[in-house]
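Protein chains in written order, with the working numbering: chain A, 1 to 439; chain B, 1 to 149.
If you're looking for bench data, these hints aren't it; they were derived computationally from the structure. Ideal placement from N, C-alpha and C gives every residue a C-beta, glycine not left out. Hints should not be assumed to be uniformly reliable.
[To be verified] The following label-pair restraints were derived from C-beta to C-beta distances: (1) A:K136 to B:R99: 38 to 46 Å; (2) A:E361 to B:D4: 34 to 42 Å; (3) A:S13 to B:R103: 47 to 55 Å; (4) A:T281 to B:D4: 38 to 46 Å; (5) B:S149 to A:A294: 55 to 63 Å.
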Amino acid sequence: MVATPAHLLPSTSVLDNAEVLRIRNDFPALSQTVNGQPLIYLDSGATSQNPLSVIEAEQEFYEQRNAAVHRGAHHLAVEATDAFEDARQTVAVFIGANYEEIVWTSNATEGLNLISYALSNATLWAAQGRGEPRLKELAVGPGDEIVVTEMEHHANLIPWQELAFRTGATLRYIPIDGSGSLDLEQAAEIIGESTRVLAFTHASNVLGIINPVHKLVAMAREHNALVVLDACQSAPHLALDLKKLDVDFAVFSGHKMLAPTGIGVLYGKQELLDTLPPFLTGGSMITTVTMERAEYLPAPQRFEAGTQRISQAVALAAAVNYLSETGLDRIHAWESELGQRMVAGLERIEGVRVLGPAAGEERIGLAAFDVAGVHAHDVGQFLDARGIAVRVGHHCAQPLHRRLGLTATTRASAYLYNTTDDIDQFLDAVSGVRSYFRV
Amino acid sequence: MSLDQLYQQIILDHSKTRHGSGLSETPAPDGAQTGQSHQLNPVCGDEVTLRVAVDDGNVAQVSWDGEGCSISMASASVLSEMAEGMTVDELHETIGAFREVLRSRGKIQADPEILGDAAAFEGVARYAARVKCAMISWVAAEDALNQAS
C-alpha cells in the first residue's frame, strides 16, 4: 500500500504518531542507525533534517536551471531568476509579508548584523545629510538606548552590543523572572523615550518559552522604537503572521526549518528597507555607478550584494511548501504535545531540573535541563551511545545560563518528524544518566 | 566502541574523588619556582586553573581548580596525582606522550608503563569532540611548567 502523502490528509485532523511515521519516510537521514541504535534525532532546534522534496529541489536546480540571477538574457538565467524570485514570493506568503519585504541572508545571524549595520550606516548618512530626511529618525547615537532581553541567543545580543559601541548608544536588557518569563513590569520601565530599538526572541531556544510579542510591540510603539524579532525558533514551528505581529524586522534561518544551511530570511517593513542604507555593497544592488559614487536599488536588491544563495533559496521554498502542506497549526500542536511530554517526564526524574516553564504551561517542543552532578557533555555522550542526538553546552546563551547559575545544559528539541516514542526513549535514557555516572 | 570503554572505571572514580582539587595555599618550598595557568574551552565551558611548584628540577606541588565534564575533571585529577614526584623533564615527556595518544584518533595505543592511570583516557581519542576535555589540564600543566622554569 502506498502511504497517503501527508499534505493530502485533511488539514483539520491533528497530527498523530501514525502520520508522523509516514512523514518520517520523507526524511532519508532519519532512517539511519547511530552507534548501532536507530537514530532518535532531538536536535532540530540546532538544525533540522531535510525531506527528499527539499534535497531534490536543490538538485533539480543544479541539474536544470543553474545560472546567475538578475543578469544575462539567456534561457537558464531567466529560469534561475524565476525560481529565485518565486522562492521569495513563497516565503513572503508563508510569513504574511509582501514580496519586496523579504531579503535573503545566509542565516539569521547575518540578518541581525545587517539590521544593526544598516542602522549605524543610517547614523553616518544622516550626520552627513545623505539619503532621505527620514534617516534622521533612524539614526542611533549617544543618549539613545537599545533594548534586548536576558534570554537572547548571542546572535541577538552581540550585534546590538557592537551597534551601541559604534554609535555611543546604551544597551539595556529586560531581565527574566524566576520562572524564566520576561519581567514585563521592568520592561515597561526600561522601554522609554530613549529606546530606539527593541530586539527580542519570539521563542527562546533554551527556555522554550513564547514571549508576548503584542505586549512588547505595544510598549515599543508608545515610544516610537523599532522592533526586531528573532523568529528562529518560531518560524519553523508555528504559523507566523508578521503583519499582524506588527514588528518592523524579523529574521530566521532556513536550516532550522527543513532547508539547507546557507540561507536565511530578513523581513523588514518596506518603507524601512527602502529608507535604510545598505550593509554590504557591490554588484547586483545598484542603479548607477561612477568612479566616485553609486546609487542603490530599492529593497530587497539593495541588501543583496553579490551572487546570491540561489539553490538554497529554491530549496527553502520547497521546505516552506512542505511545512505549509503539513500545516503549521498542526505541527505546532503536535510539538507542544511533545514538549509537554518531555517536561512532564523530565520533572519526574530525580536530580533533573528543567529550565523555563513547568509542565502544563505553554512551551514549544524543546526542553533544556540540568542533571545534578553530571555535566551536560557527559549527558550528551551517554544519550549518543543510545542513538539519541541532543545539544549540549550553553546553546549560545551564556548570559542566560549564568543568570540561572549554570554553565552548560542538555537540550532536546523536537520537530514534526518526532514521535511520542522518541520522547519516551529519550526520557528512559535520561533516567539512567545519574546511576551510570555514580551520582 | 562502547560507552564503558570511554568512561573507564578509573575515569569515573577520579571524576568523583578529585586528587589535587582546590588550589594549594601551602607555600612552595624555599627556592621553588611556581607557575599557574588558566585554560578555558569555549565550546563547553570547561575551565581549569592549575598551579605547579618546581623545586630543583622536581615537581614539588600540583594543585588545580576547575569545572567541567567528568573527563576533564578526571584528567586533571589523574595528572596531579601522577605529576607530584616526577622531575620536570619526566612530566614534559608524559605530557608529550599523552598528547600523542589523544591526538591519534585512536591509532596510537597508550603505554601504561609511561602513562600509568592516564592510559585510561585512550578511548577519548576516538571522540574528536572530547579530546579537548581530556587535554585541558595537561595543556595547563605544560604552560605552568614553562612559567616556573
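How the hints compare with the structure:
1. For K136 (chain A) and R99 (chain B), the Cβ-Cβ distance of about 59 Å falls outside the hinted range of 38 to 46 Å, so the restraint is violated.
2. As the Cβ distance of E361 (chain A) to D4 (chain B) is approximately 39 Å, the hint placing it in 34 to 42 Å holds.
3. Between S13 (chain A) and R103 (chain B) the C-beta distance comes to about 54 Å, which sits within the given range of 47 to 55 Å.
4. The hinted range of 38 to 46 Å is not satisfied by T281 (chain A) and D4 (chain B), whose Cβ atoms lie roughly 57 Å apart.
5. The hint said 55 to 63 Å for the Cβ distance between S149 (chain B) and A294 (chain A), and at roughly 59 Å that hint holds.
Of the numbered hints stated above, those contradicted by the structure are hints 1, 4, listed in ascending order.
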